[in-house]
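Mind docking these for me? Both chains are given alone in their own frames, and the hints should help you get the complex.
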Amino acid sequence: MTQAQAAPQPQAQRPLQPQPQPSPPGQAPSERFSRLRECLELLCPLPGVSGFEGPVRERVAQLIRPFVDRWETDPLGNLLAWRYGPDGPQQPGPVVMLAAHMDEVGLVVSGFEGDGTLRVRPVGGLDPRVLVGKAVRVGASRLAGVIGVRPIHLQKPEERRRAPEPEALVVDIGAAGREQAEQAVQVGDPVVFEAPFLVLGERRVLAKALDDRVGCCVLVELLRERYPVTVVAAFTVQEELGLRGAQVAAFRADPHLGLVLEGTVGADVAGVEPHHEVTRLGAGPALSVLDQASIASPPLVAALVRVAGRRGIPFQWRRTGAGGNDAGAIHVSRAGVPTASVSVPCRYIHGPAAVCDLADVEAAVELVQGFLQEEAAPLLQRWRRHGSEGG
Amino acid sequence: MPDTHAPDGDNLTRWLEELSQAVAISGHEQELARWVAERLGSWCDEVRQDPLGNVIGVRRARPWKDAPCPPRVMLAAHLDEVGLVVSRIERGGFLRVLPVGGVNPQVLMGLVVQVHTREGALPGVVGFLPPHLLSREEMGRFPRWDDLFVDTGLPEEQVRARVGVGDLVSVRPCSLRLLGGRLAGKALDNRAGVAVLLECMSRLARMGHAAEVYAVATVQEEVGLRGAVTGTFGVVPDVGVAVDVTFARQRGVGESEAPAELGRGPVVARGANMHPKVTQRLLEVARAHGVPHQVEVIPGRSGTDAWAMQVSRSGVATGLVSVPLRYMHSPVEVVDVEDVRQAGRLLAHFCAELDAEFARSLLDWGVGA
Chain V
0 MTQAQAAPQP QAQRPLQPQP QPSPPGQAPS ERFSRLRECL ELLCPLPGVS
50 GFEGPVRERV AQLIRPFVDR WETDPLGNLL AWRYGPDGPQ QPGPVVMLAA
100 HMDEVGLVVS GFEGDGTLRV RPVGGLDPRV LVGKAVRVGA SRLAGVIGVR
150 PIHLQKPEER RRAPEPEALV VDIGAAGREQ AEQAVQVGDP VVFEAPFLVL
200 GERRVLAKAL DDRVGCCVLV ELLRERYPVT VVAAFTVQEE LGLRGAQVAA
250 FRADPHLGLV LEGTVGADVA GVEPHHEVTR LGAGPALSVL DQASIASPPL
300 VAALVRVAGR RGIPFQWRRT GAGGNDAGAI HVSRAGVPTA SVSVPCRYIH
350 GPAAVCDLAD VEAAVELVQG FLQEEAAPLL QRWRRHGSEG G
Chain A
0 MPDTHAPDGD NLTRWLEELS QAVAISGHEQ ELARWVAERL GSWCDEVRQD
50 PLGNVIGVRR ARPWKDAPCP PRVMLAAHLD EVGLVVSRIE RGGFLRVLPV
100 GGVNPQVLMG LVVQVHTREG ALPGVVGFLP PHLLSREEMG RFPRWDDLFV
150 DTGLPEEQVR ARVGVGDLVS VRPCSLRLLG GRLAGKALDN RAGVAVLLEC
200 MSRLARMGHA AEVYAVATVQ EEVGLRGAVT GTFGVVPDVG VAVDVTFARQ
250 RGVGESEAPA ELGRGPVVAR GANMHPKVTQ RLLEVARAHG VPHQVEVIPG
300 RSGTDAWAMQ VSRSGVATGL VSVPLRYMHS PVEVVDVEDV RQAGRLLAHF
350 CAELDAEFAR SLLDWGVGA
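Top to bottom, those sequences are chains V and A.
Take the first sequence: its position 76, counted from the start at 1, is 75 in numbering that gives the first Met the number 0, and no numbers get skipped.
Take the second sequence: its position 82, counted from the start at 1, is 81 in numbering that gives the first Met the number 0, and no numbers get skipped.
Just chain A, with the same shape it has in the complex (with noise of 0.2 Å):
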């Protein structure tokens, strides 16, 4: 059976399929939030969470823990998930709904989903009208929002008596192992990145660094970076790391739009959000130690935490590593769980080597005193 392509004993795909079936759309990540924080408990010494919800783990230095001042790297993943928000109930008890963060509404018809009530998620159906119900034209178009629904099957005073406008709805979970070790899933945009902060941090407490690494779960990136914006503000990191998904090439989209291929190992990102020496060292650090990489180019707005990050208080060196995934946004993205463990032992060398002096030179412009 092609199910047991990954061994039971691997920790990572595991996590990887946990995550992907966590339901947390932006602004509502907290369920989430308490198994990260609980994952990352094991290998920091202090967890919290801030006023928007994002998850801070602290892994002090060590073996120079007294060290006065050690430099800092925040390393930065979002929890949360696109998903959609009930509008409307209308007659017959069917949902009308609204997007949350950007969904792609052309994979919506005919999907599972849940309705997350008060009293649990109930699941549904998005429905879709017969094709003798449409003209030529409105077979060749995808629905408009107005046009969506989700069915619960309940009658409509039960829908109405146990939905409320406002209750969220996400894609009803379902990972698969693919061939190859490659898993497919929602959400994997970007729990991968979450898995490479639980690996980054699984391998880091084998290890000795000189800085404070700050693992940090972030929130609502999907609707504007902003658990980037107070959780960078309340880290003050010297070094700050985003860790997200990257376009891989697919069908129908080849080498100029997407930057990597799926199995190549993690992308390093060139260009204006990213500190170019944070960048260098990125790559100094995956030669150094053999690990598989590419590189992208991102000339603007990366559209990651690394953007909200960069212009944190006075301002923080940031770097971009990123996992390729096929399909971003849509209920089965694809991910090669090698990739998401390279880019996991990428960050523990890369905060391993991180010292004082590197945090000091990413200031030094070459300018003079």
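Chain V extracted, bound-state conformation (with noise of 0.2 Å):
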């Protein structure tokens, strides 16, 4: 993007190298690059509210079996799959945790109107106001439901621009009675919105849950690799209820580092202050210094800076202190785990449809990739170091 350029930046965001992208306009997409944007258009549009992950768990096992050592689900449904270094799993050496969320923000189905209608709760972060008008999709079976509007016409002024209550949102799916909905619809079906998968010119993506299946892409496509430390990518459930897969998974894996992929919020829209815009398209994956759950690893976060300035790979700094991710649950597992986030910009996320990068997201692969190959199993030795010299 031009504006990438005259907007202020931070200071740490100099690179040390001039920034390629990845895949500039006009040159043939790398095989890369069109393989994350396949495996977004597998995953997208699967659906995966909190607590219901399970279309995302199965397509994503499929997906990595080739490439990993050993995967095994928990009881919570988080899927875990390692892939061990060149010494094997007798000698696993350092293990570094990566973390992606399988869920998505939504609705469950929580009763049944006299008329036919489905009540509904939101299930994680959702503003009520982009459910209005929104088509959706209603459990398993993927029963087809419309969330109404008090019709414009009859609107009296003073409610046309109140945002409207959750409790008075309902989904029809056509039932002419609570009977016929009672036969098509459980209660404690999930819900989530219908939206289109689409590619918006060279290298951008329309799609409903990029938070995080955008992180599951990234994962998956770094698990074709082997690394000289041992990975346990981890594709977790429930983020969006408070990082609770995250939590039980980081003490299954009992890693040494833990890196969270995941999509953020990209505001570098129309309207928004330039120190506002929190992370913007194209400027390449976000690290952070902190946020609400977790404070990221200084000298993790500091590997993750040298590998961009050494490869040339593009980064921003994510330019908020809100929110939270896996991070929040990974870094106090057991007796605590230095761990960072690298994050994907994506506008309008916990919407009907987010739009991401496929350069930012090609960049965080190349980013972690860039890691692990050469930093992490150096960076753990040294903290080994210390630890040992300490005790």
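Quick caveat, the hints were computed from the structure, so don't treat them as lab data.
On a predicted model such as this, the values are computed, not experimentally measured, just so you know.
A hint or two may mislead.
As the list claims (entries may be wrong) - Chain A is faced by these chain V residues, among others (derived, beta-carbon under 8 Å):
id, residue
1, Val131
2, Ala143
3, His152
4, Leu153
5, Ala175
6, Leu199
7, Ala266
8, Gly270
9, Ala321
10, Tyr347
What the hints assert, rightly or not - Some but not every residue of chain V turned toward chain A, in silico, with C-beta under 7 Å:
id, residue
11, Gly147
12, Pro150
13, Arg160
14, Ala162
15, Ile172
16, Leu197
17, Leu205
18, His275
19, Pro351
Unchecked claim - Calculated cross-link-like contacts (lysine to aspartate or glutamate; reagent style DMTMM-like; alpha-carbon spacing at most 20 Å):
id, chain 1, residue 1, chain 2, residue 2
20, A, Lys276, A, Glu356
21, V, Lys155, A, Glu256
22, V, Lys155, A, Glu254
Beta carbons are placed, not taken as given, at the ideal position from N, Cα and C, and that holds for glycine.
Structural data, given as structure tokens:
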């Protein structure tokens, strides 16, 4: 984006080398670029409301099976997969946990109205305003439904700007009455947005649930390679409900350090001052200093910055302290795990259709790949030395 | 799967889906007009368009084809839908938009749309700001038009090269089959009415009728009934029946605001906009042929083409038949296909039974000659 150069950038974003875009417009996209796009196209449309991540878990398991040495699922539904270091499972060496959550915000059916519509309750942080007038899919059979709105013709002036109360929103599946609705749907069935998967121009993707299928795709891609360290890939559940899956996944994985791969707010849009934009699409993956759930491990972040500098991978800082992700649970697992996040900027997350830039996704893969190849093992060795000196 | 509730052989459901997915924002109906003209051509002796773009299909009386001055009935259903128009290209390539017709801005946040450029449609999404940038007060309100924008995801220079101020923006078509033969989609106001017209004409083609029947798909209804004004002037009907949609009861809209229920048949309107004898005849025909129907009262302005038809030239006896519809002017309007079918049946019988005597009676208010 042309504006990326014009906007004021934080000091630390100064790259050590010029920043080549991974796939500049006009050039044929790399194989990886195409794979990432295909992966998003596979994962984003799947329904995966927190607690109902099954379809995503199944598809991810299929995708990673050829590349992992071992995988297992846990009591909450996390999918964990191991790709051991060069010495194999007997000598796993340093263990790095990479986490991406499979769940998305959505709704769950909570009851039936007399007129055959479904009462619903939000799962995760949903702005009720984005639900108005949207098409949805209900339950495992993907039953079609809509969330209606009072005709504008009938609304009183004071009604027109007032955001709806979540309780006022119901899902209409066309049932003529309660009985018909009860035959088609069960209380507890999850509800997700019906949204297309579209490629906008050469590099951008519009899809539902980019938060955090984009992280899942980065993680799937990273598993294609063997690294000097052992990688535990954690495809987690229930992030949107309070990092619940990551908490137990981290305990099971028992890693030496953690990296969270996620989609984060990109508010580089009309009407937002540059200092409020958090992240900017197309300017590379974002590194966090802190959010409300964790403070990123400074040596870990420094190592990521070194990789970016050495390899000329663009990155940016996540410029807000708001929000939180699985790092909040991982970094306090057991006796503590140094953890950081690598985030792909996404506009309009927690809505029916978010937008991200595939160049950022590709750069996120390269950044973490570089870290795993070059920095992870020495970093852990240094820490271990310090630890033994201290003891 | 729920997607199989309507049989594949059901033309009407397919028509409704095609009609809902077509884009025809007020003043820009030509593509859909061609589609409708083609369909009407199967049952009409003549199909023409007037200078505003109204599609007028004429089916002559038969078997009394050569009778002098047969009574003339005009059925009018508007083609156009509400939409958006690009008003400005902002820094970063974001598009500001204005409404064409009575758009409900409440449905726009996060909506997937299409920008109709010279070179074709560009997909995009109506953007919104993340909660941490909004005050509690702002979270409690829908955004104003000034704050809404469309994001095509393209670099600014590409947007400027491809999109122009004045380009139209529509909802991205998406029609859904719901349970029990109900359909959801955009623009069912008034594609449901257009489908009624097609259903009526296809039935009429198998019936005899003494009247000349004009099936008119009108333009620019949503911006002030303008197509109906010129269309009616051109047709010079004795009887005019507008075919539109009306509010069906839904969550938050009870009997006091919505006259009709989905699935209980077409709605015949009574009130000043409708000639009492036309209304009466519609109800008689419905009863005689077992057409399930409902009645709504419209004391004054109907907000439909009937309002313009009634005062065309020296006056036209009008009627209004409506399909019940939920969530009007949203991308997820819902109709019951059976209501559309029954409305088509009702109008076919109404046209078939309309004769010169009935047309004359419309001028007789019982005050003697």
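We went through each hint and held it up to the structure:
1. Val131: holds, 5 Å
2. Ala143: holds, 4 Å
3. His152: holds, 7 Å
4. Leu153: Nearest chain A Cβ about 5 Å off; hint holds.
5. Ala175: It holds, given that the least Cβ distance between V/Ala175 and chain A is near 5 Å, below 8 Å.
6. Leu199: holds, 3 Å
7. Ala266: Hint holds; V/Ala266 Cβ to chain A Cβ min 6 Å, cut 8 Å.
8. Gly270: Result: holds, 6 Å to nearest chain A Cβ.
9. Ala321: Status holds, d = 4 Å.
10. Tyr347: holds, 6 Å
11. Gly147: With Cβ-Cβ at 4 Å, under 7 Å, it holds.
12. Pro150: Since the shortest Cβ distance to chain A is 4 Å, the answer is holds.
13. Arg160: With Cβ-Cβ at 5 Å, under 7 Å, it holds.
14. Ala162: holds, 5 Å
15. Ile172: holds, 5 Å
16. Leu197: Nearest chain A Cβ about 5 Å off; hint holds.
17. Leu205: Holds - the Cβ of V/Leu205 comes within 7 Å of chain A, reaching about 6 Å at its closest.
18. His275: holds, 6 Å
19. Pro351: holds, 4 Å
20. A/Lys276 <-> A/Glu356: Satisfied, since the Cα-Cα distance of roughly 12 Å is no more than 20 Å.
21. V/Lys155 <-> A/Glu256: Holds. V/Lys155 to A/Glu256 sits at ~12 Å (cutoff 20 Å).
22. V/Lys155 <-> A/Glu254: holds, 17 Å
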